[in-house]
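Protein chains in written order, with the numbering used here: chain A, 14 to 704; chain B, 336 to 662.
Keep in mind that the hints are not guaranteed to be accurate.
Interface residues of chain B toward chain A, partial, derived using beta-carbon atoms under 10 Å [stated by the list, open to error]:
id	residue
1	His341
2	His343
3	Leu344
4	Gln376
5	Ala389
6	Ile402
7	His403
8	Gln405
9	Thr423
10	Val452
11	Phe605
12	Gly608
13	Phe642
Bear in mind the hints are in silico, worked out from the structure with no lab data behind them.
Every value quoted in this text rests on a predicted model; they were computed, and no experiment measured them.
Even for Gly, the Cβ is constructed at its ideal location relative to N, Cα and C.
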Amino acid sequence: MPMLNMSVNGKPVAVEIESNEYLASVLRYRLGLTGTKIGCDEAECGACTVLVNGMSVDSCIYPALKAQGASVLTIEGLAGTWTDGREDDRVGAVARPRPELGDHAAGDHEGAPLHPLQSQFIQQGAVQCGFCTPGVLMQSKDLLDHNPNPTDEDIKVALKDTFCRCGCYVSIMNAIKSAAKEIQGREGREGREGNEGIPNLPKTKTPLNVIGKPLPRQDAVAKVTGAAKYTDDYAFPEMLWGATLRAKYPHAKILNIETSKAQALPGVHAVLTHADVPGSKNHGLIFNDWPVLCYDKVRYQGDAVALVAADTREIAQRALDLISVEYAELPVVDDPVDALNPETIIVNDGAGHGNLLKHIHVEKGDVEKGFAEADVIVENEYHSPFYEHAFLEPECSIGRVLENGRIEVIVGSQIPYEDRRQIAAALDVPEAQVRVRGALIGGGFGGKEDIAAQIHVALLAKATGRPVKMLYSRHESLLFHPKRHATIIRVKTGAKRDGTLIASQATIYGDSGAYASLGDKVMTRAATHAAGPYNIPNVKIDCYAMYTNNPPAGAFRGFGVTQSCFAVESNMDELAPKLNIDPFELRRKNALTIGRTTSTGQIVRESAGLLECIRLVELEVRSWKLEVGKDAPSNIQHPTSKLGVSRRLSKTPDSAAARRTRARQRSKCLKMERLKCVRARRKSDRACRRF
Amino acid sequence: MKFFDHYHLPMTVNEALELLAQYDGRARVVAGGTDLLVDAQAEYYAGERPHYDALVDVTRIAGANQIHKQDGACPEQSEWIVIGCGVTHTQIVESRLIRKRATALAEACAVIGGPQVRNVATLCGNIAHALPAADGTVALMAMDAEVEVSSYQLSVVSNQSSVVSNQSSVVSNQSSVVSNQWYALSTLFKGPGKSAVDSTRELITAIRFRPLGAGEGSAFARVMRPQGVALPILGMAVRVETRDRRLEHVAISAGPVAPIPFRAKRTEGFLRGKILDDTVLQQAAQILVNEAQPRTSAHRATKEYRFELLPTLLKQTLRAAMERAVV
């Protein structure tokens, strides 16, 4: 193995590596500098950004030997560049003992001065899930090194390939600008005043002793210094790497699985199939319809068919190629409307009614009568696609058998207790025998609620007696995890000449994919919100959540409401000109206010801020200056841009618990989102970029 | 997923060629690797199993990371700008020489990828990848660039007639003959992603072109998806030579409008000798639309949209190049 000599964070490093390793993996897995993250592994997301000889590079595809003799700066060394020649022990992460589980929020920088970029990221609230933060900080460092006084445009250009999926870009830009000022103003100054790390937040009206006071984010320092630990940042002695064989077809019977060749590959410690699942063959959050490892058939291409644990990731991947699975292909169902046809092949019978996962029906008043009374009726069909969460941290789980025989799974999961239940069921052990430890989550947005590799690593750890880590590649992550439901929504809205909404009818087909996930609940939300946040006496909604051979659909921010909102509000925008009423006025006129009743029969008793919301949005929209056309938002003259408004009202059953939840989320509960402009991307790119 | 076993960093062209010869077709030249390594990964996920015994990194070859001005061998061309095979896009964007005397190239290189990619990716790698939409390639086509290919054999590049000048041979320490030949850039493309240069046996060591002089100007523009980091929907580069506002010489290249990088010869011919005004521009745009043959690509744009963009970009680049030429 060749020797790689380089300087890392100012210290010489000599490390034996494989010739084909990349810099990110050398830093992370050989030097223990896990602050450098791997998000996409293909030079798109920038999470792996480090500086090589002062230039930012994507270390995930930077051959490590390319850094031979170079000087490398990682997030762990960023603070050290600020404290100038000061002897810096932080760079010695190589020698630093591995952090104990659970201290991922503490970090080891207590009291040590941070680089202005780091302190400003905390100060400006630019640190959220923290997974992108090291990469963004290093790219920002590169920017400020070359351009000490960047404009907004300079920052945007510099961060073009450095993503923050939590969407903190405004805060990030503010932080970079503040840091630039701080750096310029600092020359000659000795040290800096202690930074308490309290973000600049708007003051609450009446701060109490505890509530209402801005406090430093607990894990912010760890997140800006690279000390924060996500699942892949943990390592254990003797740890093996796991890999998953995914389905070859979206829909096929499994006739035979042959694993002997894979088992014989040197370095392979276990190859598992459905026959090795001792307990429940299926898992699922609501319906137990998702095979731990497929046994009768595969239902989408992300399905897991077999597992391997091996000494290295490479060997595990090679072993997958040696597993042969005999399939008999079945017809593929790729459309939720098709899926409902009784003649269509059944993909999954998880809920007991064939491809129909759930039919949700909402009715209020008499919709036929309502439309008969309407002066104007608008009816349209809207299609919304699958959306990908694109959390920057791909799924990762580590399983190990503890000394007392319990199984421990480390995972950045949104519902660890549900994980525990499902792992225990699959392993056929009491829940008390399973311990799920939550690592930091590098973005979830609903996409980390389902079981990914949690059960698989537990099975492999049990089979091998050694810790096993499974880290999905971005490709695998995209293939496997549930998405936002693709929907087909037919909406019919009827109004009186004066703009009073009199009837609304919607039919929704939600593509819930191969497995239920949270599809039932998500589509229930879509249905209950399909009349919009409006007071309509006659409503009829039918929503069909369907099984298909597409990727499963589940939780995603907005939870089904975004799709309905898109359809309903688009219809409102169509309706307004037909009634010759301003779109804001039309919405104001019909807004749900206290005392009115929702389509599900809930009487609104509190927290109805829609009118205020419309007012604020209108203020902002009217202030936009469009190059072409005038009088926004009734401006329809612009060739490629139109203005529309969208909003979301969260409706929950009117129980005591729901009321408490609503009270807690008062500010969030009623939220208006604006759809800045619906634009055709046809004409010139310049017209598009204006927005 | 690892696609190669060994990684070499030769210090000379000879050493690089020797390594390639030793691996006998199983090794490949790499520079920044930002295309090659990402593509290999994509192929892996598509079910293929790409593999090279070794990658031969040419960025540490002595002098390879330099941009310099050189006197030309041909008497009628007084000077060249020469860009070595280790020169990154960032170096080009930051080079005052390029910005002033090959503006279109600096503009093209500034929009490739993001900063992390531009800091590593090389211009020579960009042309070796042979994509008709590659921004750097589009700009170089308008600059009538030439490419130096080094190999152990003579005339490995199929078209002998494309050799333009400057053939030289040296004897390596293994007594193999190293040939360095300059080819017109336009002759090195065989199809989308297919280069006439065999990266397992020969290497592109440099690019050169005639710098802009007095009365000359160039410009590059492109349209892509607003947040895109991948290939453009359409890119265009223009180089003009003017005398008293009259177009003496025009070079227009665009991509992707054909399987290989494209020069709009008929449009160029039409514009020669003309004074640029709205009518001329409109006529030129019509000719351009007639001679270009864009197609619909699955992820980027339809051919109709590309047709619609051609006149827009032509207007934009021609006007910008003219302004720069006249100043």
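Now the hints, each set against the structure:
1. His341: holds (5 Å)
2. His343: With Cβ-Cβ at 8 Å, under 10 Å, it holds.
3. Leu344: Given a least distance of 6 Å, the restraint on leucine 344 of chain B holds.
4. Gln376: holds (6 Å)
5. Ala389: holds (8 Å)
6. Ile402: Constraint on isoleucine 402 of chain B not satisfied, violated at 16 Å.
7. His403: violated (21 Å)
8. Gln405: The hint is violated - glutamine 405 of chain B has no Cβ within 10 Å of chain A, the shortest such distance being about 26 Å.
9. Thr423: This hint holds: threonine 423 of chain B lies near chain A, its Cβ roughly 8 Å from the closest one there, short of 10 Å.
10. Val452: Holds - the Cβ of valine 452 of chain B comes within 10 Å of chain A, reaching about 6 Å at its closest.
11. Phe605: violated (24 Å)
12. Gly608: Hint violated; glycine 608 of chain B Cβ to chain A Cβ min 30 Å, cut 10 Å.
13. Phe642: Because about 12 Å separates phenylalanine 642 of chain B from the closest Cβ in chain A, which is outside the 10 Å limit, the hint is violated.
In the structure shown, a violation is registered for the earlier hints numbered 6, 7, 8, 11, 12, 13, in ascending order.
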